[in-house]
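Student: Each chain, letter by letter, is given below.
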Amino acid sequence: DVKVTQSSRYLVKRTGEKVFLECVQDMDHENMFWYRQDPGLGLRLIYFSYDVKMKEKGDIPEGYSVSREKKERFSLILESASTNQTSMYLCASSRVTQYFGPGTRLTVL
Amino acid sequence: KQEVTQIPAALSVPEGENLVLNCSFTDSAIYNLQWFRQDPGKGLTSLLLIQSSQREQTSGRLNASLDKSSGRSTLYIAASQPGDSATYLCAVKDTGNQFYFGTGTSLTVIP
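Just so you know, the sequences run in chain order A and B.
Counting with the numbering used here, you get residues 1 to 109 for the letters of the first sequence.
Counting with the numbering used here, you get residues 1 to 111 for the letters of the second sequence.
Be aware that one or more of the hints could be misleading.
Unchecked claim - With a straight-line Cα cutoff of 30 Å, these simulated DSSO-like cross-link-like pairs (lysine-lysine) come out: (1) B/K42 x A/K55; (2) A/K57 x A/K13; (3) A/K55 x B/K1; (4) B/K42 x A/K18; (5) B/K42 x A/K13; (6) A/K13 x A/K3; (7) A/K71 x B/K42; (8) A/K70 x A/K3; (9) A/K53 x B/K68; (10) A/K71 x A/K3; (11) A/K13 x A/K70; (12) A/K70 x A/K55; (13) A/K71 x B/K1; (14) A/K53 x B/K42; (15) B/K68 x A/K18; (16) B/K68 x A/K70; (17) A/K71 x B/K68; (18) B/K1 x A/K13; (19) B/K68 x A/K13.
Rather than coming from a laboratory, the hints here were simulated on the basis of the structure.
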């Protein structure tokens, strides 16, 4: 079975802090994705990566950056967290079918 | 840009009823369509994937159909159970690497 893990289920940070969210997959998938999910807005793509060191902006990249140094690991970075980045963050990987991690609920105070 | 719509936003049915969830998309040039289930506070679990060349897929009590030319997919759930209560999302994959999600249908099955 494909396994996608995320570093934290719940995270509380303060405004202005730098935040790292990590995602690891164990199926050698080329493609990895970061989404945020907010009530009424559905899933919105932040960034995706189709190979090591490659990244593409999604619909809402502002305030975020990503890093993919190894194929199995895709990190989302909030350079200076703000309250409007309070959300559920979901990581996924795919070759054809998309597999999701359990999500990280981030609260920025 | 691809837009995906799911109607209704919420649905409540008595246990044992058969039901249909709807998904529509604006651009028929898709690679595949996937149905997911999401339980509260959890990630998404893949239910069914239909390739663009296929018309339907079945898994147990679930059947998903795809009509690419009209931009529609349906998820049929037979003999619903309280354990089916969740939010159901559809996502279409374009010919690149992007997936586009609907906002989901929240299903409640009443015992």
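Student: Each of the hints needs a verdict: does it hold here or not?
Tutor: To see whether the hints hold, each was checked on the structure:
1. For the hint pairing B/K42 with A/K55, the CA-to-CA distance comes to about 26 Å; that is within 30 Å, so the pair holds.
2. This hinted pair checks out: A/K57 and A/K13 have alpha carbons roughly 24 Å apart, not beyond 30 Å.
3. For the hint linking A/K55 to B/K1, the alpha-carbon distance of about 20 Å falls within 30 Å, and the restraint holds.
4. Taking the CA atoms of B/K42 and A/K18, the gap is near 25 Å; set against the 30 Å cutoff, the hint holds.
5. Only pairs whose Cα atoms come within 30 Å are accepted, and B/K42 paired with A/K13 is accepted, the gap being roughly 20 Å.
6. Distance hint between A/K13 and A/K3 is fulfilled; the C-alpha atoms sit about 27 Å from each other, no more than 30 Å.
7. With a CA separation close to 25 Å, the supplied pair A/K71 and B/K42 stays within the 30 Å bound.
8. As the CA atoms of A/K70 and A/K3 are separated by approximately 16 Å, the hinted pair is consistent with the 30 Å bound.
9. Restraint check for A/K53 and B/K68: not satisfied, since their Cα atoms lie roughly 34 Å apart, outside the 30 Å limit.
10. With a C-alpha separation of about 14 Å, the suggested pairing of A/K71 with A/K3 holds against the 30 Å cut-off.
11. With a CA separation close to 26 Å, the supplied pair A/K13 and A/K70 stays within the 30 Å bound.
12. For the given pair, A/K70 sits about 13 Å from A/K55 by alpha-carbon distance, which is consistent with the 30 Å threshold.
13. Note on A/K71 and B/K1: the hinted pairing holds, with a Cα-Cα distance of about 29 Å set against a maximum of 30 Å.
14. Of the supplied pair hints, the one linking A/K53 and B/K42 holds, its CA atoms being roughly 29 Å apart against a limit of 30 Å.
15. About 44 Å separates the Cα atoms of B/K68 and A/K18, which puts this hinted pair outside 30 Å; it is violated.
16. The hinted pair formed by B/K68 and A/K70 fails the criterion: a straight-line CA distance of about 36 Å is larger than 30 Å.
17. This hinted pair does not check out: A/K71 and B/K68 have alpha carbons roughly 33 Å apart, beyond 30 Å.
18. Simply put, B/K1 and A/K13 have alpha-carbon atoms about 34 Å apart, too far for the 30 Å limit, and the pair is violated.
19. A distance of roughly 44 Å separates the Cα atoms of B/K68 and A/K13; the hinted pair therefore is violated under the 30 Å criterion.
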